[in-house]
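**Student:** Spelled out, the chains give:
There are 2 protein chains.
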Amino acid sequence: MNSLTLICFFYTIKKKAPVATEYPFRRKAERSAIINVTNTTKSYAYVLQQGPYLPAGYDRKLTAAITMPDNQPVLCTQISTNVCISAYKKEGVSLRYNHKFITMNRYDRRKFLRDTTMAGIGLSLLQPARLFGSVIKPQVRIGLIAVGLRGQTHLEEMLKRSDVDIIAMADPDKDMMAMAQKRIAKAGKKAAVEYTNGPHDYKNLLKRDDIDAVFIASPWEWHLPQGIDAMNAGKIVGMEVCGAQKLQDCWDVVNTYEKTKVPLMMLENVCYRRDIMAVHHMVKQGMFGEILHLQGGYQHDLRTVLFGNGKDKNNVDFGEKGFSESKWRTAHYLHNNGDNYPTHGLGPVATMIDLNRGNRITHLSSVSTKSRGLHRYIEKKGGADHPNAKVKFVQGDIVTTQIQCANGETIVLSLDTCSPRPYNLGFRVQGTNGLWQEYGSGASDTGRIYLEDVSPYDEWEGSKAYLDKYDHPLWQRYSKDAEGSGHGGMDFFVDNAFIECIKRNVAFPLDVYDLATWYAVTPLSEKSILEGGQVQAVPDFTKGAWKTRQPVFGVSNEF
Amino acid sequence: MNSLTLICFFYTIKKKAPVATEYPFRRKAERSAIINVTNTTKSYAYVLQQGPYLPAGYDRKLTAAITMPDNQPVLCTQISTNVCISAYKKEGVSLRYNHKFITMNRYDRRKFLRDTTMAGIGLSLLQPARLFGSVIKPQVRIGLIAVGLRGQTHLEEMLKRSDVDIIAMADPDKDMMAMAQKRIAKAGKKAAVEYTNGPHDYKNLLKRDDIDAVFIASPWEWHLPQGIDAMNAGKIVGMEVCGAQKLQDCWDVVNTYEKTKVPLMMLENVCYRRDIMAVHHMVKQGMFGEILHLQGGYQHDLRTVLFGNGKDKNNVDFGEKGFSESKWRTAHYLHNNGDNYPTHGLGPVATMIDLNRGNRITHLSSVSTKSRGLHRYIEKKGGADHPNAKVKFVQGDIVTTQIQCANGETIVLSLDTCSPRPYNLGFRVQGTNGLWQEYGSGASDTGRIYLEDVSPYDEWEGSKAYLDKYDHPLWQRYSKDAEGSGHGGMDFFVDNAFIECIKRNVAFPLDVYDLATWYAVTPLSEKSILEGGQVQAVPDFTKGAWKTRQPVFGVSNEF
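Protein sequences, first through last, are from chains A and B.
Going letter by letter, the first sequence gives residues 1 to 559 in the UniProt record's numbering.
Going letter by letter, the second sequence gives residues 1 to 559 in the UniProt record's numbering.
Just so you know, the hints here were simulated from the structure itself, not pulled from any lab data.
One thing to keep in mind: the hints can contain errors.
To be verified - Among the chain B residues that face chain A by a calculated CB cut under 8 Å, a handful are: (1) Leu292; (2) His293; (3) Asp312; (4) Lys313; (5) Lys370; (6) Thr410; (7) Val412; (8) Ser419; (9) Arg421; (10) Gln430; (11) Tyr439; (12) Arg448; (13) Glu452; (14) Gly532.
Said to hold, decoys possible - Estimated spans, in silico, between C-beta atoms of each pair: (15) A:Asp163 - B:Asp458: 33 to 39 Å; (16) A:Gln534 - B:Gly234: 43 to 49 Å; (17) A:Lys321 - B:Glu531: 44 to 50 Å; (18) B:Asp445 - A:Gln534: 40 to 46 Å; (19) A:Asp175 - B:Glu531: 35 to 41 Å; (20) B:Asp175 - A:Gln476: 54 to 60 Å; (21) A:Ser479 - B:Lys246: 54 to 60 Å; (22) B:Glu320 - A:Gln534: 18 to 24 Å; (23) B:Gly544 - A:Pro199: 50 to 56 Å; (24) A:Lys189 - B:Glu531: 20 to 26 Å; (25) B:Leu530 - A:Asn197: 54 to 60 Å; (26) B:Asp458 - A:Gly310: 16 to 22 Å; (27) B:Glu531 - A:Asn197: 52 to 58 Å.
Glycine residues also receive a C-beta, built at the ideal position from the N, C-alpha and C atoms.
Bound-form chain A, shown alone (with noise of 0.2 Å):
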């Protein structure tokens, strides 16, 4: 898996336009194209181009493209079975070529510099800085924004690590801050500066000089305003889950990251489930094909953290009786009906198919069921005559939306928190090659797989043999880092990703415009219900950059 292996293409320059004249690689393997560009002077647009098994006249789809100065060779990453490539420069609009390609498999950079170089096809040194990066900052400041459950499982990643200084923390909970430090002192550290002086105190912690980063943990509705006032504020960004409360939310947060500059990273742990990355590693090799439609979702009982105080197991308050998360979360489900958590369900899949990053979500629609759990739990926890029971919930007990790509895929994902079931995401992906589907929660066993030619014919296969198989690069080199991080070890991985991004001034593997369109599904399948289900259309946030954005995520055992 991780030996390098070589195949290199010299193309004579092509004078026709380029969606004419790709050159159909018809091979079946997953492959990184090294563009290397010499002999010109000026920056030029390298694009990536995707032709799989295409008839002729079909059209190519643009995957990938980025734009670098001359000679200096890129590395770009494709999700491909088969992949065309061709790279041209833009001026105007005629299109000049001048290129030559390398293909490789992925995640030995240092052998590939090595062969590279040994190789001597003309190729100049990557980029240190572009994906991976060298350590600039070796030491990150980091102030968190709530500290409730969720914000101190960030804190003990944090308090894990020599290369972070826990600074500040905000949260108008003194229970909860008492509880943070708590962990602050038994890990042998210096006590955190407090702001618990109210809900808006965490604005005095943005204004210290001494932070570079926070993360952001606190109840929903608070998520995007508090990570707009932080990139105002220049501090660097980890923001948990959740889906926004209006859709000019999401435009807000990603004009902010444009005016401002300061990164966000998407905090979606389940991104770096390791059975989820070692299929997301199976898609990137190309196992199942060329990926057609994934499955994902939160399916998993929420009824008692939405109610209760934290001691009596039949209490059924919420609000300001509640404990932890029923003190808030549980008002999202009176007054709005869609999918109010998206993004577990849809981030895993969203890398496997280059959303934003050669891809995008079009449309999506979302439809209800009605509303019984909620209501049901009350009458049988608190008794028909708890005040309680007279709370009529507008969520629908199961939401389902529909998702549209550019790339001819679909996602149908699934919001199933108020009804007895055992916890399961939901995941299935599936390609012109074969599917993976999942009924557990992140065990490699708990599945199924199929691919054409490989399994018997018309029968599963369990998927521990291949998530062991393709255990992901950055889960077999950091696995027992991981071992006692929260939620089966993904905790240290998203937490760790966006700690050494920051320390090398790179790019987040899931950034600012993810997080807009993960988020943008809540206000949008709410809008869709609303109407009866009625497709909506799906903001662009990138504004026209994910034809030539590059993933990021998963491309390397690095982060």
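Got chain A sorted already, so can you dock chain B onto it with the hints?
**Tutor:** Chain B only, in chain A's frame:
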């Protein structure tokens, strides 16, 4: 399961409007109700209403109603976990009451009759012909329209029976006709009269006066025209599955039924699959609670069916050079993009939530992936230079359809026939109390169940113990008879129901309204996809009668 439990409810006469005054039975047990009205002189509408665990002021929904002459008890079946029953008569806009109730568990009519007589609670005898009926036509004379491979499975079922005579068969394909006659001869029965003179010769078969009923198992585009011709000719119709070519065809078949009163049975065999019927049984026992969400589909790699000449396994011909279904089925993939085969997924879940019988589909929307699989298969088997490698297929590889129902359930249907994958119709049945989902092809151990307060918390259980325990009474009774019949025995049941209903002149469990509704998914999904996933209103083919029509499917162990 089969033992009878009688629970008697006697109510005094109420004078108020029923919607405000039903009797909420807060009980967890599915039940049937015998409504017996005495001391009245006119026909009344008896209305069964449902009100599960509803807070005061919550809307209650009408789920079933029947109209009967006085002094006749009526067996009403009801699906809900918690049933609130009231019977009233309609006289203009005012409502008056006069009712007694008795509720019972299912499946043993004889024991029921004996016990109710013994109980002496004032019930007169069931009208024998209402649901089950006595045999009034001991011998059924059958014609077969189309005797391709599917028609021949119906023929085989008929040849096993002593109560059926095969009179005539129509098919323009003389090879298939010869195969069919061979089957008849092998069974030692008299050869059928042949109609092989082109595709319209079936009309001459329909002119015969010695045929009671016809099976129609022709290529899809012929189903509804032939069905309509048959009804107009007074021949009862057993219609194979598919989707409609256009929405108006669904109206035409309904209107023909309403004009002629010649009944039609929708031969959806998957409704009779053993695991499906066990789950249906569990649903009707209320074990999953109030049903919220269902999934099903047709996930079957059809590539070897859509291509081939019946000889060479690498042959990728279709159309005139094809064999059996590749002769005509593949053509549907050329020009349309929709769920072209919805009934195997929809039918089984439709009966669980009483669609067209107290519930109905209101809307659907569909999305489709790109089209890759068929072209890829042609290239793989026939080579890139095969003439069919130039063919463009409009049908997307995977089509997903979201369905909304009047009673607040959602259904997700999947069509997935162009990709390598194990056969699996992908059923999931989920209620307020738990869920079942499966990944196999009907075996009792290829699924999982979770039931609140029954299963270990947050852990799946294997489905086998449940499905064995709740084996449907129909399967318990007839499993020996079904051995060796097509599709794991389900073909026995669907054909047996068709014949037994004809013999008794009673309503088919799956009728022309079911056919119209299920078939309509095809043209409506095509329209939705053409419009970018726009939601489509689904017609009420019952013209309001869904509010009062009663469930018939699976209510007994008779057929």
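**Student:** Would you mind marking each hint as holding or not holding in the structure?
**Tutor:** Tested hints:
1. Leu292: Since the shortest Cβ distance to chain A is 4 Å, the answer is holds.
2. His293: 4 Å, holds
3. Asp312: 18 Å, violated
4. Lys313: 12 Å, violated
5. Lys370: 3 Å, holds
6. Thr410: Holds. Min distance 5 Å.
7. Val412: 6 Å, holds
8. Ser419: 6 Å, holds
9. Arg421: 6 Å, holds
10. Gln430: 7 Å, holds
11. Tyr439: Given a least distance of 7 Å, the restraint on Tyr439 of chain B holds.
12. Arg448: Because about 7 Å separates Arg448 of chain B from the closest Cβ in chain A, which is inside the 8 Å limit, the hint holds.
13. Glu452: Holds - the Cβ of Glu452 of chain B comes within 8 Å of chain A, reaching about 4 Å at its closest.
14. Gly532: With a minimum Cβ separation of about 6 Å from chain A (threshold 8 Å), the hint on Gly532 of chain B holds.
15. A:Asp163 - B:Asp458: 33 to 39 Å: 37 Å, holds
16. A:Gln534 - B:Gly234: 43 to 49 Å: At roughly 45 Å between Cβ atoms, Gly234 of chain B and Gln534 of chain A fall inside 43 to 49 Å, so the hint holds.
17. A:Lys321 - B:Glu531: 44 to 50 Å: 48 Å, holds
18. B:Asp445 - A:Gln534: 40 to 46 Å: 41 Å Cβ-Cβ, so the 40 to 46 Å window holds.
19. A:Asp175 - B:Glu531: 35 to 41 Å: Taking Cβ atoms as reference, Asp175 of chain A and Glu531 of chain B lie about 53 Å apart, which means the hint is violated.
20. B:Asp175 - A:Gln476: 54 to 60 Å: For Asp175 of chain B and Gln476 of chain A the Cβ distance comes to about 58 Å; the hint holds.
21. A:Ser479 - B:Lys246: 54 to 60 Å: 57 Å, holds
22. B:Glu320 - A:Gln534: 18 to 24 Å: This hint is violated: roughly 43 Å between Cβ atoms.
23. B:Gly544 - A:Pro199: 50 to 56 Å: Check passed, 53 Å falls within 50 to 56 Å.
24. A:Lys189 - B:Glu531: 20 to 26 Å: 59 Å, violated
25. B:Leu530 - A:Asn197: 54 to 60 Å: 58 Å, holds
26. B:Asp458 - A:Gly310: 16 to 22 Å: 19 Å, holds
27. B:Glu531 - A:Asn197: 52 to 58 Å: 54 Å, holds
Hints 3, 4, 19, 22 and 24 from the earlier list are contradicted by this structure; the remaining hints agree with it.
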